[in-house]
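S.K.: Listed below, chain by chain, are the residues.
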Amino acid sequence: MTRSRTCAPVGLAFGLLLLCLLGVALGSAVGSTGFESWLNAGQDDVAWQIVWDIRLPRSVGACAAGALLGLAGAVAQGLFRNPLADPYLLGSASGASLGVAMALALLGGHPFATEFLIRLGLTGAAFTGAVLAVLLTLVLARGVQHTLRLLLAGVIVGVVLGALASLITLMRPDVMQGMQGFLLGSTSFIGWTSCLLMLCVLLLCLALAFAFSRVLDALTLGESTAISLGLPLAPVRVALVCVLALATGTAVAQTGLVAFVGLAAPHLVRSVVQSKHNWGVVLSALMGGTLLLAADLLARIAITPQEMPVGVLTAVLGGGYLLWLMYRSQAAGAQS
Amino acid sequence: MSGLTSALRAHDLHVSLAGQEVLHGVNVSFVAGRWTSIVGPNGAGKSTLLKALAGLLPATGRIFLFDQALMAMGRQQRAQQLSWLGQNETASDDLRVWDVVMLGRMPHQDWLAAPSAHDHAVVETALKATQAWAWRERSLGQLSGGERQRVLLARALAVQAQVLLMDEPLANLDPPHQVDWLEQVRCLTAQNTTVISVLHEVGMALHADDLVVMQAGRIVHQGACADALTHRAVEAVFDKRMAIHSLEGQWVAVPKLPNDRAAP
Numbered sequence: 000m001t002r003s004r005t006c007a008p009v010g011l012a013f014g015l016l017l018l019c020l021l022g023v024a025l026g027s028a029v030g031s032t033g034f035e036s037w038l039n040a041g042q043d044d045v046a047w048q049i050v051w052d053i054r055l056p057r058s059v060g061a062c063a064a065g066a067l068l069g070l071a072g073a074v075a076q077g078l079f080r081n082p083l084a085d086p087y088l089l090g091s092a093s094g095a096s097l098g099v100a101m102a103l104a105l106l107g108g109h110p111f112a113t114e115f116l117i118r119l120g121l122t123g124a125a126f127t128g129a130v131l132a133v134l135l136t137l138v139l140a141r142g143v144q145h146t147l148r149l150l151l152a153g154v155i156v157g158v159v160l161g162a163l164a165s166l167i168t169l170m171r172p173d174v175m176q177g178m179q180g181f182l183l184g185s186t187s188f189i190g191w192t193s194c195l196l197m198l199c200v201l202l203l204c205l206a207l208a209f210a211f212s213r214v215l216d217a218l219t220l221g222e223s224t225a226i227s228l229g230l231p232l233a234p235v236r237v238a239l240v241c242v243l244a245l246a247t248g249t250a251v252a253q254t255g256l257v258a259f260v261g262l263a264a265p266h267l268v269r270s271v272v273q274s275k276h277n278w279g280v281v282l283s284a285l286m287g288g289t290l291l292l293a294a295d296l297l298a299r300i301a302i303t304p305q306e307m308p309v310g311v312l313t314a315v316l317g318g319g320y321l322l323w324l325m326y327r328s329q330a331a332g333a334q335s
Numbered sequence: 000m001s002g003l004t005s006a007l008r009a010h011d012l013h014v015s016l017a018g019q020e021v022l023h024g025v026n027v028s029f030v031a032g033r034w035t036s037i038v039g040p041n042g043a044g045k046s047t048l049l050k051a052l053a054g055l056l057p058a059t060g061r062i063f064l065f066d067q068a069l070m071a072m073g074r075q076q077r078a079q080q081l082s083w084l085g086q087n088e089t090a091s092d093d094l095r096v097w098d099v100v101m102l103g104r105m106p107h108q109d110w111l112a113a114p115s116a117h118d119h120a121v122v123e124t125a126l127k128a129t130q131a132w133a134w135r136e137r138s139l140g141q142l143s144g145g146e147r148q149r150v151l152l153a154r155a156l157a158v159q160a161q162v163l164l165m166d167e168p169l170a171n172l173d174p175p176h177q178v179d180w181l182e183q184v185r186c187l188t189a190q191n192t193t194v195i196s197v198l199h200e201v202g203m204a205l206h207a208d209d210l211v212v213m214q215a216g217r218i219v220h221q222g223a224c225a226d227a228l229t230h231r232a233v234e235a236v237f238d239k240r241m242a243i244h245s246l247e248g249q250w251v252a253v254p255k256l257p258n259d260r261a262a263p
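Respectively, the protein sequence lines represent chains F and Z.
Position 286 (the first sequence) corresponds to 285 in numbering that gives the first Met the number 0; numbering is contiguous.
Position 105 (the second sequence) corresponds to 104 in numbering that gives the first Met the number 0; numbering is contiguous.
Rough simulated footprint, nothing fancy, chain Z against chain F, three-plus residues with beta-carbon under 8 Å:
no.	segment
1	213-227
2	269-275
Example chain F residues on the side facing chain Z (calculated, C-beta under 8 Å, incomplete):
no.	residue
3	R80
4	A210
5	P231
Distance ranges between label pairs, derived from CB positions:
no.	chain 1	residue 1	chain 2	residue 2	range
6	Z	H119	F	G10	20 to 26 Å
7	Z	R74	F	W51	48 to 54 Å
8	F	W323	Z	A242	55 to 61 Å
9	F	A162	Z	T59	42 to 48 Å
Since the hints were derived computationally from the structure, they do not count as laboratory data.
Virtual Cβ for every residue (Gly too), placed ideally from N, Cα, C.
Can you build the whole structure from these sequences, using the hints too?
M.R.: Here is the structure:
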């Protein structure tokens with residue numbers, strides 16, 4: 000009995016980890032020059048560069064960014080007790096893009112620049128924008144209890160901040176191209192610097208989310224019950240909003256606006272295993288990594304020799320998945 | 000007899016919700032080891048009083064749990080001594096029944112510690128006490144409203160607190176399980192646990208030891224269920240549209256039809 004309770008999550012975790020490794024290996028071998036670069040990497044310097052400096056960081060980065068988004072999604076859905084609480088839907092994405100637009104306008108440069116300081120600056124700007132946007136949404140929605148109000152406030156914040164970001168882009172034509180790439184979402188410019196940054200943030204966020212997972216569990220029974228169980232709800236909430244914004248902001252700053260991964264990953268995990276939030280956040284991160292990695296591979300080979308921005312692909316696939324989820328839950332609601 | 004120690008008492012309790020005062024200076028004391036039911040018409044402030052007593056609402060006035068000021072107690076200490084079962088709290092459907100009830104052990108666990116053998120035993124007892132043991136591997140979403148209510152009751156029992164506050168615990172329960180619940184409460188008070196419940200169904204509330212009768216944010220009467228004065232107070236707050244009678248050694252509430260207003 001106790002065994003079956005922990006076996007399924009462990010199994011899924013191993014499966015997803017294997018898929019991630021497979022995806023990274025595959026990602027290092029797929030590209031315009033095909034397997035040759037991979038086979039020749041030992042002798043040929045250019046081939047080595049292609050594999051080591053372009054394909055590998057790109058695949059590892061896609062996996063890390065997906066994991067950050069999946070983790071943020073799981074935290075948001077648990078924290079706001081709302082299965083639709085995608086980190087993007089709370090305005091964090093448009094807040095992050097406004098932050099990036101302002102940073103680009105001030106610092107100049109390209110959103111996918113490789114210098115560490117610029118990366119860090121952009122990540123910081125995206126994080127700050129994400130936190131402020133989520134807070135603004137929460138203030139406008141007057142708390143998290145009212146689902147419809149929360150989602151509406153998120154949409155409003157998203158539209159207004161998005162408009163501000165567009166305005167900045169319009170006034171500064173030199174950042175226009177960079178912003179366009181950013182808004183579509185792309186994994187093609189991720190270097191090792193970005194990978195390192197994302198992996199560090201991922202570890203930090205995972206540790207925090209794991210430590211606070213008990214609170215997420217208790218919150219499923221309602222706020223009053225969680226407080227009655229002696230949990231310090233207010234400070235943990237603040238900490239989790241920070242985790243959510245840090246994870247989203249970091250991923251968005253490196254890859255641009257990749258849609259729907261944060262929403263779909265926790266749902267996919269829940270449809271496979273029942274688990275508490277401690278496993279839930281870990282599995283959602285792994286699932287998010289696998290999803291974005293797969294989407295990245297698909298984006299590279301779907302319309303060869305052209306390459307599709309991965310954000311376009313996740314938007315199409317994720318949107319379809321969300322639609323299916325909606326109709327399925329409607330059907331289930333009609334039955335009961 | 001330790002029957003007269005007060006488990007929970009409030010002095011001059013005022014609570015405002017959305018700018019409007021809902022409780023106007025409530026003074027109340029709940030005797031340890033007894034079951035008290037709070038009754039009154041809709042909007043009397045029953046649930047608000049219960050929530051305030053649990054320390055879940057900002058209130059002015061003083062609340063004492065076993066002669067300790069509630070607000071001055073540590074979070075965990077309070078959670079160990081006072082268990083709460085709310086009404087209509089949106090519970091997500093994904094958690095497994097076993098894990099839900101295990102949440103009740105949280106006040107007794109360290110932050111990242113795994114549940115002990117004792118925790119497992121307590122959860123098992125609680126699940127069996129509410130006849131929810133068979134569903135321990137299911138998720139909450141797979142249960143009906145009444146089944147879910149029994150799981151949530153088990154969660155509240157698993158805290159093993161000395162004081163148990165329940166808001167409409169009989170919601171969605173069918174008659175046999177309402178009787179089970181009554182037996183459960185009797186069993187708890189026999190172990191000197193103090194039970195305080197809000198029940199809108201007067202007939203069920205009359206099975207309690209004591210009644211607190213509320214109207215318009217004030218307590219109008221507090222007394223034993225068997226007391227005729229208590230019956231008169233209950234009838235009064237319900238506009239004398241119901242009457243309390245004795246039937247086979249139990250008190251029952253029957254609706255009083257307006258004969259004098261019958262059509263000519």
